[in-house]
Amino acid sequence: MLSYAIRRLLIAIPTLFIVITVAFFMMRIAPGGPFDQERALPPEIEKNIKAAYDLDKPLIEQYAIYIGKLFQGDFGPSIKIRDFSVAELIMAGAPASMQLGLSAIAIALVFGVGFGTYAALRQNSAVDFAVMGVAMIGIAIPNFVMAPLLSLVFGLYLSILPTAGWGDGEIQYKILPIIALALPQIAYIARLTRGSMVEVLHSNYIRTARAKGLRETLVVNRHAIKGALLPVVSYLGPATAAVMTGSVVIESIFGVPGIGTYFIKAALNRDYPLVMGVVIVYAVMIIMLNFLVDMVYGLLDPKLKSR
Amino acid sequence: MMNKSEKTAMLEAAGAPAEIEGRSLWRDARIRLFRNKAAVGSMIILGIITLLAIFAPLLSPYAYDQIDWGYIQEGPNWENGHIFGTDGNGRDLFIRVLYGARVSLAVGLLATSVSLAIGVTYGAVAGYFGGKVDNIMMRFVDVLYSLPFMFFVIMLMVVFGRNIFLIFVALGAVEWLTMARIVRGQTLSLRRREFIEAAHATGVSNFKIIFRHIIPNVLGPVIVYMTLTIPQVILTESFLSFLGLGVQEPLTSWGVLISEGAKVIEASTWMLIYPALFLALTLFCFNFIGDGLRDALDPKDR
Amino acid sequence: MSENTKTAKGLVNGLLKSSRAFVLGTALIAGSMTMLSSTHAQAEKILRIGNDGEPQSMDPHFISTIQTSRISDDMSLGLLTYGPDGQPVAGAAESWTVSEDGMTYTFKIRDHNWSDGTPVTAQDFIAGWERLLDPELGAEYASLLYIIEGAEAVNTGKEGAKLGVKAIDDHTLEVKLTAPAPYFLAQLTHQTAFAIPRHVVEKYGKDWVKPEHIVVNGAYKLVEWLPNVHTKLVKNEEFYDAANVPIDEVIYYTYEDRTAMQNRFRADELDVARDIASEQISWLRDNLADSLRIAPYAGIYYYAIRTDKDKFKDVRVRKALSLAINREAITDAVLKTGELPAYSFVPPGTGNYTEPAYVSWKGLPYAEKLAEAKKLMAEAGYGPDNPLKFTLRYNTSENHKRIAIAAQNMWKQIGVEAELFNSEGKIHYADLKVGDFEVARAGWIADYNDAQNFLFLAEERTGPLNYSAFDNPRYNELMLAAEKEGDLKKRSDLMHQAEAIMMEAQPYIPIYYYVSKQLVSPKIKGWIDNAPDRHLTRWLDIAE
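Chains as they are written, first to last, in UniProt numbering: chain A, 1 to 307; chain B, 1 to 302; chain C, 1 to 544.
Worth double-checking, as some hints may not be accurate.
Covered stretches of chain C, as calculated for chain A (at least 3 residues, CB under 8 Å) [what the hints assert, rightly or not]:
1. 298 to 310
2. 417 to 426
These stretches of chain B come out as covered by chain A in the derived footprint (C-beta under 8 Å, 3 or more residues) [claimed, not checked]:
3. 220 to 229
4. 249 to 262
Quick partial rundown of chain B residues pointing at chain C, CB under 7 Å, derived from the structure [stated by the list, open to error]:
5. 67
6. 69
7. 72
8. 85
9. 243
10. 269
Simulated from the structure, these hints should not be mistaken for lab results.
Since we're looking at a predicted model, the values are computed, not measured.
Yeah, the Cβ is synthetic: ideal placement off N, Cα and C, and Gly gets one too.
Just chain A, with the same shape it has in the complex:
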């Protein structure tokens, strides 16, 4: 197990390097540049600016410069938000995104697994249909509909929470964004849990356990849930990475100072260093969380201590 963990951590470095390299060239080959805008710049000015950002050098050289600086921990300046470096922007935004994301995932895990298990135990009953129906609605309503709805209902109509904003990070500003982030995840996890729980409950080791006369709660808690959680855990890796790195929709509607916005805005602005910055953050999260997931597999299914 330990040697496997070490190997996995070692391979993370080349993985990250490949991500950086591919993302760098993909982004730079794509048409449109940071200074293509409604007001096209006079060529001589564009030349000056490109020189100021080293964008006039051959791509390979720019890549070498970028990698060199990265090794010294320098993510470069943001092209569009010039008073901040990429590292400053990410450091400023990451805590909010991670905090909201973690809370949302934790809530989603509790409710998702709970609802899913409950529905599975009463498969094809009215409760099952009701729970899964609500879950499907949660999946069908995209966050760009759910977030403004929440803001309207709780912020304006009921006036019990701020419509948006961050204040000084007080809890009331975080409730709606967390709910908006958690709802679709609850639905996803509930669906996945129910599906695999139904399957596990039909499997013969559970039947054997039941046949042996074990109490139902024991059967579920001790035996069924482990098998049933496997697909949920697989899903959780990438889902947690995505939720913890923020959501552009949630952040722009609720005015959250997160980093999710940069994934889209930096790309739309062709703010190259910022794009690279968030790509690296995301890659690290994905690699780490998928690593964790693989560790958890081992815990859920002892047979998996394979390699």
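Dock chains B and C against the given chain A, drawing on the hints supplied.
For chains B and C alone, coordinates are given in the frame of chain A:
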């Protein structure tokens, strides 16, 4: 039910879920699927939506791109024939929702199929072989996860030009990653099971083991995740349209209609409600069909 | 069961427990804090503005968006500045004189201080301009000062180039121009012409704009910038006119989502929203009429036709396309936000200009315009069997889309088949710049209030910004002559003749003149609608 359980118990008692003849497997499954009321009802509703989409032009006095200058962004009105109201350009929403169904159903089914085909095969292969193969294959998945989707899409557009089929490829090519991870996770736990090891010992080829034994046994979570992928691709399509790769006006899709509606939640609720209702209804149907399929195909239940 | 499984169960249970505790806590706090919401101290006057874009920089030389210059205008005082009505008034310069030929300006700098107490001098202005024009700085807007003698040479790195400015003493600044530009004074209100605190910039380098270092000469100074959330400014007590600045603090909240901004305004969490969700205009008119502010704005929305493409070389085709656009239908039925149909390229009321030169067919009823358009298309050789086909491009936006759809429909009536093609902004403008399009949506908002700032877009020497690649020798000559002309009346006539040529040739199809759209709470006093859409916080007050 009793019958089935007994049968399964017998089969499993025999040591391995026997290789069942392809034909009887599918016929058996079909019979069981059609016995599932929710699934059959869903198929009927989906069939109706599909027919509506196909015969859309016959169903409304308005064309999908026709501007009714007298009724711009006005609510549902049976008297003038705009039964779902009109959009911001005065076009009939009813006919646009039906036209949107064409694109969205196609995207939903095709992109999901692409992701299903790639994801299941990839995940099963990685999980079955394990070790180095698995490690490298899964790191490749990590890399793909991490690449910025928007530039990926733009690159596709640069290389292939603007083409509606690219939507399916682009979406399918992204959505398979989680599918692969789920399948791989299940396969890892399956491959140590007695019946796989038995098949391996008796010299069944790896290819056959993967497709005959592994994949049928992971179909449960696969089908569930597939029903989750459909809404994802349908809604993501609207982001592609935003970038200029999705459907171009005056054609439309549910994703585009819903994102337009989301901007006028309060002022023109109908612009959100109708396309959202159709989407939700469709997802319910896919969901029930998925559950029915899962039950019908479950090798343990056989 | 093995060790591992126990741990797994422990892990899951642990997660369950901690999350449950969290949810409970959340619910409790949610209940108790509702009472705390939205009662801020009355003693201080705080203005909360919803700004429709994230600021780029607090350094005036790196600013190119209007959303950023709103903030910068509150912090810096140019030689001239925007008055309450948006017109240029004396700022850091208390007075000035102009030479006979209109080419030399002498400014008397007001006796005032930077926010750290250091006096503002003529040299600070020169230092600012030299920095802006330094090619190594890479300032996007450097070309706005090219009207100053030597500026272009300095900015393009010419050997021995020297800026035609001189500090006669600490409080007297002399500026030489390359042409008698009547808009020069108005240009000095722009952030490109601001002074910089040399002593601070030298000390901290590019970090001089950080809240802990920044020093300004305007009414407010920066105290906090939380990216994507807000920029907070407080009153600068060193400001020369601080006694007459009623508002103590101004917070610019970044809101790119118009609906979200609007909702915050409705919840009384904002006093001003600098843009509205236009799709909901009818709702706004019904429900927020007392706050809705719509006013003419110095800008033109147009379709550029690539005149060097074979299809569009024929002026009859371009004219027919323009004739077929029912501008009134677009503004009144589709947009409904008060935009005015455009039949000229320069919006009416633009500075140093008479009434614009309208298209000759402006007054025709739409049916006759259509008939004329059909006739022209037939003359140009197009018909039912041989329709004109092209692609209309627009950058992604709800309004651009709606207008494009309407245009496509209108063109259909004259047998033109336009295919719509949207792309995200960067790709759109990258293609426009290199002329890779047939017909495309574009817009222009004046940098300074002068007709030349619109008309130069069709000059050959303008380069990539001349999206249509229009090259009419007579037009070019007239514009050159106007530039050299010192007499305002004659200059205006020359430009008028040029615009008439452009309107006849239709390289650009004008669609509508922009309006500014915002929500301003009725308790805000001193807000005067104006075409430059400048509303400095120093002129505003909040009623108790």
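How the hints compare with the structure:
1. 298 to 310: Coverage by chain A is violated for the stretch 298 to 310 of chain C (0 residues, Cβ < 8 Å).
2. 417 to 426: holds (count 3)
3. 220 to 229: Result for this restraint: holds, n = 7.
4. 249 to 262: holds (count 4)
5. 67: holds, 5 Å
6. 69: This interface hint holds because 6 Å falls under the 7 Å limit.
7. 72: holds, 5 Å
8. 85: violated, 13 Å
9. 243: holds, 5 Å
10. 269: violated, 11 Å
In summary, the numbered hints that this structure violates are 1, 8, 10.
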